[in-house]
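As you go down the protein sequences, you meet chains A and B in turn.
To get this note's numbering, take the position in the first sequence, counting from 1, and add 136.
To get this note's numbering, take the position in the second sequence, counting from 1, and add 219.
Honestly, the hints are just simulated from the structure, not real lab data.
As the structure is a computational prediction, the values presented were derived from the model and not from experiment.
Among the hints, erroneous ones may be present.
With a straight-line Cα cutoff of 30 Å, these simulated DSS-like cross-link-like pairs (lysine-lysine) come out [stated by the list, open to error]:
| # | chain 1 | residue 1 | chain 2 | residue 2 |
| --- | --- | --- | --- | --- |
| 1 | B | Lys273 | A | Lys195 |
| 2 | A | Lys165 | B | Lys337 |
| 3 | A | Lys151 | B | Lys319 |
| 4 | B | Lys273 | A | Lys165 |
| 5 | B | Lys273 | A | Lys169 |
| 6 | A | Lys194 | B | Lys296 |
| 7 | B | Lys359 | A | Lys194 |
| 8 | B | Lys296 | A | Lys187 |
| 9 | B | Lys285 | A | Lys151 |
| 10 | A | Lys165 | B | Lys338 |
| 11 | B | Lys236 | A | Lys164 |
| 12 | B | Lys336 | B | Lys272 |
| 13 | B | Lys285 | B | Lys319 |
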Amino acid sequence: MATYKNRQCYFVENKINYIDYKNVALLKKFITKYNKIVPRYYSGTSLKFQKKLSFAIKKARYMALVPYTT
Amino acid sequence: MNNYEIMLMLFPDMGEKATNETIHEIKDVIGSFHGEIFHEDVWGIRDLAFTIKKQDQGYYIVWNLKLPGEAISELEKILNIHQAVMRYLVTKTPVNYEMKTLEQYDAEREEAEKEAKKKREEAEKEKSAPRPEVKVEKPKPRIEAAVKSTPKAEPKKAEAAPKAPKEEAKNLEDVDAKLKSIIDDPDISL
Numbered sequence: 137m138a139t140y141k142n143r144q145c146y147f148v149e150n151k152i153n154y155i156d157y158k159n160v161a162l163l164k165k166f167i168t169k170y171n172k173i174v175p176r177y178y179s180g181t182s183l184k185f186q187k188k189l190s191f192a193i194k195k196a197r198y199m200a201l202v203p204y205t206t
Numbered sequence: 220m221n222n223y224e225i226m227l228m229l230f231p232d233m234g235e236k237a238t239n240e241t242i243h244e245i246k247d248v249i250g251s252f253h254g255e256i257f258h259e260d261v262w263g264i265r266d267l268a269f270t271i272k273k274q275d276q277g278y279y280i281v282w283n284l285k286l287p288g289e290a291i292s293e294l295e296k297i298l299n300i301h302q303a304v305m306r307y308l309v310t311k312t313p314v315n316y317e318m319k320t321l322e323q324y325d326a327e328r329e330e331a332e333k334e335a336k337k338k339r340e341e342a343e344k345e346k347s348a349p350r351p352e353v354k355v356e357k358p359k360p361r362i363e364a365a366v367k368s369t370p371k372a373e374p375k376k377a378e379a380a381p382k383a384p385k386e387e388a389k390n391l392e393d394v395d396a397k398l399k400s401i402i403d404d405p406d407i408s409l
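Excised from the complex, chain B in its bound form (with noise of 0.2 Å):
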């Protein structure tokens, strides 16, 4: 007795009955070999991704089993020839297998999308984030360096301009007398 995993899917526009019905018969056929179903998971009309008969839509149900080895490949003959069923699966379970329902599937990628939605959130905030302020400087106009430089300029030029016409008027005086001096000694001849 080995674990088995099948996927059935039949035609959706049978009706309810018609479905119910090949439901019970596969089931019977499973019980004749002694197999037992202990998970069953109804996926409902679903739609397909590319045509299948022509038909856009259809109907899945996932049965994890336990069957004998020799009991599979009638099975598979028997799900070949039925008329009602689109597509089969058959897989085996590995060990330590716990079948996950549609619902959990969905509640799982939600949990996905939230958790990035929240990431590119928190990304977003950081990049919009105001920078943290650094002080700089501003040089000062040039204009204004100029303006202030000149009118200090101009009293150290007034204040030496008078004393330098004083000291030269000095200097004259002395050397006038000293010509005299010269001038008027009678020992020297010019």
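So that you can see chain A by itself, here it is in the shape it has in the complex (with noise of 0.2 Å):
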């Protein structure tokens, strides 16, 4: 699938496996300006990834580390 600027997925190259959702740090280079989620066509990451960092990112927004909006 082409990606904005052939961007390649960043789990894949840095060999991450599982993500965690209390590492925030990690979790604010997928999220925009306005807090959200970061499409895959402009992140570059594979599908398996997107969906383990969409569902991390809503585990971290429940427990108030992550806002949901501004």
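Assembly of the complex is requested from the two constituent chains, each provided in isolation within its own frame, with the hints serving as guidance.
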């Protein structure tokens, strides 16, 4: 699938298997200015990790580590 | 016996005694189900991203547990009713999972920031570095070229000018001599 500027999956390159919802610094890379989840086309993540990422972000939002909106 | 991870959020304005009592209560409940806590991380009071029940801060605790499968639903019922617990989250941990504390996350974030700074500085140095000098010959200005050309032309003209009248003079004398010889010759009638 074509990605913006031919970006590659961050998790495949760094060989990360488990995305921790407590790792706020990592999650903030995949959140826009208005705290929305970045689409797969612009971040370049693969489908498998995009699903895990979105699930982790939703858990972090529930525990108030990351806001829902500004 | 499965491995679970619990994150608890307690009210922050209870005081140290009350929070420690609630923590002991919950640990006793886990002990009654024959569970073990083998990793604990107390995050303490922390700002929330949005207001929950008119509170801006929360007291976070994270535990890594070992519990039988049936005990989890009963634990959740107790946590739902408990008045000191604002929110809780129970997750299954994958195999070979090691819990990271808050300090480790902060250390990783600082290292990443330092590396990003270094890259930015290197990129700026490359941009501002002096470019290698390329020698370019300056084209000679036109005025000097014109001035240089004219003095050379004048001596040429001066040399050519005296030569020409001398030659002309010689030609004229020859012609005069020839004319005289033709006129004085008695055989030719004009």
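Lys285/B and Lys151/A were given as a pair; does the straight-line alpha-carbon distance stay at or below 30 Å?
27 Å, holds
### Query
Is the straight-line distance between the alpha-carbon of Lys165/A and that of Lys338/B 30 Å or less?
18 Å, holds
- prompt: Taking 30 Å as the top limit, are the C-alpha atoms of Lys273/B and Lys195/A close enough?
  reply: Holds, at roughly 21 Å.
Query raised in the report: Has the given pair, Lys236/B with Lys164/A, been kept, meaning a C-alpha gap of at most 30 Å?
Result: 35 Å, violated
- Query: Is it true that the CA of Lys165/A sits at most 30 Å from the CA of Lys337/B?
  - Reply: Within the cut-off at roughly 19 Å; holds.
30 Å Cα cutoff - pair Lys359/B, Lys194/A: Violated, at roughly 73 Å.
Given the hinted pair Lys273/B and Lys169/A, is their Cα-Cα distance within 30 Å? 25 Å, holds
Margin query: Need the status of pair Lys194/A, Lys296/B: alpha-carbon distance at most 30 Å?
Written below: 22 Å, holds
query = Taking only the CA atoms, is the gap from Lys296/B to Lys187/A under or equal to 30 Å?
reply = 29 Å, holds
Handout entry: Restraint check for Lys273/B with Lys165/A, where alpha carbons must lie at most 30 Å apart
Key = OK: Lys273/B and Lys165/A at ~29 Å, within 30 Å.
Given the hinted pair Lys336/B and Lys272/B, is their Cα-Cα distance within 30 Å? Not OK: Lys336/B and Lys272/B at ~40 Å, beyond 30 Å, violated.
Holds or violated: Lys285/B and Lys319/B, Cα atoms, limit 30 Å. 17 Å, holds
Consistency note: the structure conflicts with the earlier hints numbered 7, 11 and 12.
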